[in-house]
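Given chain A, work out where chain B should sit, using these hints.
Those sequence lines, one after another, are chains A and B.
Residue 58 in our numbering sits at position 58 of the first sequence, and the numbers go up by one each step.
Residue 66 in our numbering sits at position 66 of the second sequence, and the numbers go up by one each step.
Hints in this document: simulated from the structure, not taken from any laboratory.
One should not assume that every hint holds.
Note that identical chains are pooled: a pair holds if it fits in a single copy or bridges any two copies.
Restricting the straight-line Cα-Cα distance to at most 30 Å, the calculated cross-link-like pairs of lysine-lysine (DSSO-like) are [unchecked claim]:
hint : residue 1 : residue 2
1    : K73       : K28
2    : K46       : K7
3    : K20       : K7
4    : K102      : K73
5    : K7        : K21
6    : K7        : K102
7    : K102      : K39
Nothing here was measured: the structure is a model prediction, and the numbers come from that model.
Number of protein chains: 2
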Amino acid sequence: MRRASHKPFTLSVKALVYDKKGRCLLLKRSNQARANPGKWEFPGGKLDPAESFDQALLREVREETGLTVSLRKVAGAAESELPETRVVYLIMEADVVSGEFKLSEEHTDFQWASSAQIRQTDLTGQFYEFIHSYQFPSR
Amino acid sequence: MRRASHKPFTLSVKALVYDKKGRCLLLKRSNQARANPGKWEFPGGKLDPAESFDQALLREVREETGLTVSLRKVAGAAESELPETRVVYLIMEADVVSGEFKLSEEHTDFQWASSAQIRQTDLTGQFYEFIHSYQFPSR
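Looking at chain A on its own, in the form it has when it is part of the complex:
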């Protein structure tokens, strides 16, 4: 693997959204998705131009789940290599504040999962390393 690829980087922000029972929200990608069809992931996405990372994350979570969340703290980082770009993921812990859960068209299923369940879920590959070293919050 080349270490100093000249592919541009893109920043994506992702949220581990926790409910009041301490379960974390996972979303299932559509079987028709171009990348990682049928795999599970966390809500979030890329920044719009001139958008700050926290604004982008609140917007993406709202678009993908209908939920308003507040950001708690940083959880970690991850990376994936696509044909044209390398995506760096900044992953934040978040808490549900309000809103009615509703899936967007991007996803076909969801689960509120315990840490043990998350580690057994078929996540998109870029989050494996992160999730296995991540210290889930104690309750």
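Then chain B, alone, in the frame of chain A:
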């Protein structure tokens, strides 16, 4: 500690800059610095408006060290709480490409350190947890 502080977040990007011998660059903050005087840190800083995280990091490293680097991959994330803001740090591994090393006025000393040396260095507190879980690249 409040979990859902309403302080705004700020994104800062930091680089673990490696030389050809696999040593990593540390910079010592001035004894007159407002925050963390005399502590050691990694080059980097905040994004300018509308600047991407990778552009910001290349610029900050150049300003603080005179060096041109290429970004290798994501290393991790960290966070610190200041009176008015919470700073989230996205930390990337980088390699020196060219340039003549030169300290800026922000720093008073530097070292090219091994992983063992870094773990014994008086780093600014926000990087402790990161550096103790970070897997240094094997050579």
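### Task
Measure nothing new, just compare the shortest in-copy and cross-copy C-alpha distances for K20 and K7 to 30 Å and report within, between, both or neither.
between (41 Å within a copy, 22 Å between copies)
### Query
Which holds for K7 with K21 at a C-alpha limit of 30 Å: within a copy, between copies, both or neither?
Answer is between: at 25 Å across copies they meet the 30 Å cutoff, but 41 Å inside does not.
### Query
From the Cα coordinates, with 30 Å as the cut-off, is the pair K102 and K39 best called within, between, both, or neither?
within (19 Å within a copy, 47 Å between copies)
#### Entry: Intra/inter-copy verdict for K7 and K102 if alpha-carbon distance must be at most 30 Å
Between copies only: 28 Å across chains, 35 Å inside a chain, cut-off 30 Å.
### Query
Between copies, within a copy, both or neither: which fits K73 and K28 at Cα up to 30 Å?
Answer is both: 24 Å inside a copy and 27 Å across each meet the 30 Å cutoff.
### Task
Go through the copies and call it for K102 and K73: within, between, both or neither, with a Cα cutoff of 30 Å.
within (24 Å within a copy, 35 Å between copies)
### Query
Is it within a copy, between copies, both, or neither that the alpha carbon of K46 lies no farther than 30 Å from that of K7?
both (17 Å within a copy, 22 Å between copies)
Figure legend: structure checked against the earlier numbered hints; every hint is met.
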